[in-house]
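Protein chains: 2
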Amino acid sequence: MSESQASSSPPMLSAAQAPAEGAPAARPRPKGQQTKAHIVDVALHMATHHGLESLSIGGLAEATGMSKSGVFAHFGSREELQISVVREYHRRFRQEVFAPALQAPRGLPRLRAMFAHWMQRTTVELDSGCIYISGAVEFSARAGAVRQALMHSFGAWHDALRRAIEQAQAEGHLSAHADSHQVLFEIHGLILALHYDVRFLQRPESVPRAWTGFENILRRYGAGG
Amino acid sequence: MSESQASSSPPMLSAAQAPAEGAPAARPRPKGQQTKAHIVDVALHMATHHGLESLSIGGLAEATGMSKSGVFAHFGSREELQISVVREYHRRFRQEVFAPALQAPRGLPRLRAMFAHWMQRTTVELDSGCIYISGAVEFSARAGAVRQALMHSFGAWHDALRRAIEQAQAEGHLSAHADSHQVLFEIHGLILALHYDVRFLQRPESVPRAWTGFENILRRYGAGG
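Chains E and C supply the protein sequences, listed in that same order.
Quick note: the first sequence uses the working numbering, first residue 1, plus one each step.
Quick note: the second sequence uses the working numbering, first residue 226, plus one each step.
To be clear, the hints were calculated from the coordinates, so they are not data collected in a lab.
Cβ coordinates follow ideal geometry from the N, Cα and C atoms, glycine included.
Among these hints, one or two may not hold up.
[Stated by the list, open to error] Here are the computed distance ranges between Cβ atoms for each label pair:
#1 E/L102 <-> C/S281: 18 to 28 Å
#2 C/A324 <-> E/S67: 51 to 61 Å
#3 C/G295 <-> E/R29: 23 to 33 Å
[As the list claims (entries may be wrong)] Partial list, computed: chain E residues near chain C (C-beta under 7 Å):
#4 P28
#5 P30
#6 F98
#7 R121
#8 S134
#9 S180
#10 F185
#11 E186
#12 G189
#13 S206
#14 W211
#15 N216
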């Protein structure tokens, strides 16, 4: 999330109480849930800027103007707070990247839409950071529930992309002989390189390179001949 | 550096006093320089495991059994300590990845050797971490001398790779029409995806995927036909 997005999106849904995708949040939620959702929203903003490991019950209390025991009552532990942030990040990622792509027809159009929305989000995130990338660095050497939540969350996105690749094969848009894991590996590399170049090396000229790389991969695996 | 490597490599050279590549360190160095090199060695070990931002004068004093003022006397600031670590990492990276590849003939053999050594190092680092990757996450949102040192250090490696690609074009091993920045972008993505998969997602089966991706890129840009 960019700073402007994070502050403009109403903190109405916490990860745990989110309705099924697309269903409207019809009734106003109890105050306790709204407060929890607000804390998660502030925590997500902090985590995308400074990492999940920057979060603490005390820091959140200060940022939200609540007491430490007030924040603690909603989560019970720092770990639970971090996991709530991972879930909320996942919910927004799904909403912005995955869900809109389902409007596109199965096969190559949907795979292209997923990549386009992912690119879009990677570009939007350039002011803050992607917790799938920063979290991977923070938690690679740590076991535990936060790492598991991150792996699970990223894994769901990984699987959705692989399904889209396999559907493109089933539709005859990509070669049936291609290894979908291999295609996914190469596509993921482009997003990571884009993030690295634009965010760290400050080379915005790499945005079209990610697109060229993507079209190269599709051609190699049978798209358009 | 893996844990075993870090502890087995003699901490003989600090970044500042390193002789030209390949030249033997003939004379024993003054004690002060040895001490400084030892501190940098310990700090590098900590940084590859926990990030450059985990370093502090106090933490290093504790880890080396020295006084805080003793450590401070060698660096003058935490920032200077971090920069010394970046330089030492760069020196070792150059020694393990770049220098051996220069033994291979110009063109595709040298480019392949660079990728092979890079892959090798990425695999060795899986127990600890690569500060070009963790540092990019830590310093993307920060300005300052440490970020500059990291960008400069990674940039030198980036440039060396691009030169190798352009030499492969000059030798006729890769198409003269290929954009070397594009080729480099795609190759870098493979290493980042490899690091992500093996280190965070714990999928060692991605190692051959990086190789397949590399050969795909070479073929696309004209190698072997």
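Here is how each hint holds up against the structure:
1. Remark: the range hint 18 to 28 Å for E/L102 to C/S281 is contradicted by a beta-carbon distance near 48 Å.
2. One distance hint, 51 to 61 Å for the beta-carbon pair C/A324 and E/S67, holds here, with the actual separation near 58 Å.
3. A hinted range of 23 to 33 Å for the beta carbons of C/G295 and E/R29 is inconsistent with their spacing of about 57 Å.
4. For E/P28, the shortest C-beta to C-beta distance to chain C is roughly 36 Å, which exceeds 7 Å, and the interface hint is violated.
5. Contact between E/P30 and chain C, as hinted, is not supported at the beta carbon level, the nearest pair being about 36 Å apart and thus beyond 7 Å.
6. For E/F98, the shortest C-beta to C-beta distance to chain C is roughly 18 Å, which exceeds 7 Å, and the interface hint is violated.
7. Annotation: E/R121 was flagged as interfacial toward chain C, and the flag is violated, the nearest CB pair being 16 Å apart, outside 7 Å.
8. Annotation: interface hint on E/S134 holds; nearest CB of chain C at approximately 5 Å, less than 7 Å.
9. Checking E/S180 against chain C: minimum C-beta separation of about 11 Å lies over 7 Å; hint violated.
10. Taking 7 Å as the C-beta cut-off, the interface hint given for E/F185 holds, the closest approach to chain C being about 4 Å.
11. Look at E/E186: its Cβ gets to within about 5 Å of chain C, closer than 7 Å, so that hint holds up.
12. For E/G189, the suggested interface contact is upheld, since its CB lies about 3 Å from the closest CB of chain C, less than 7 Å.
13. The restraint placing E/S206 at the interface with chain C holds, with a minimum CB-CB distance near 6 Å, inside the 7 Å limit.
14. Using the Cβ-Cβ criterion of 7 Å, the hint placing E/W211 at the interface with chain C is not satisfied: the shortest such distance is roughly 11 Å.
15. Nearest Cβ of chain C to the Cβ of E/N216: about 6 Å, under the 7 Å cut. The hint holds.
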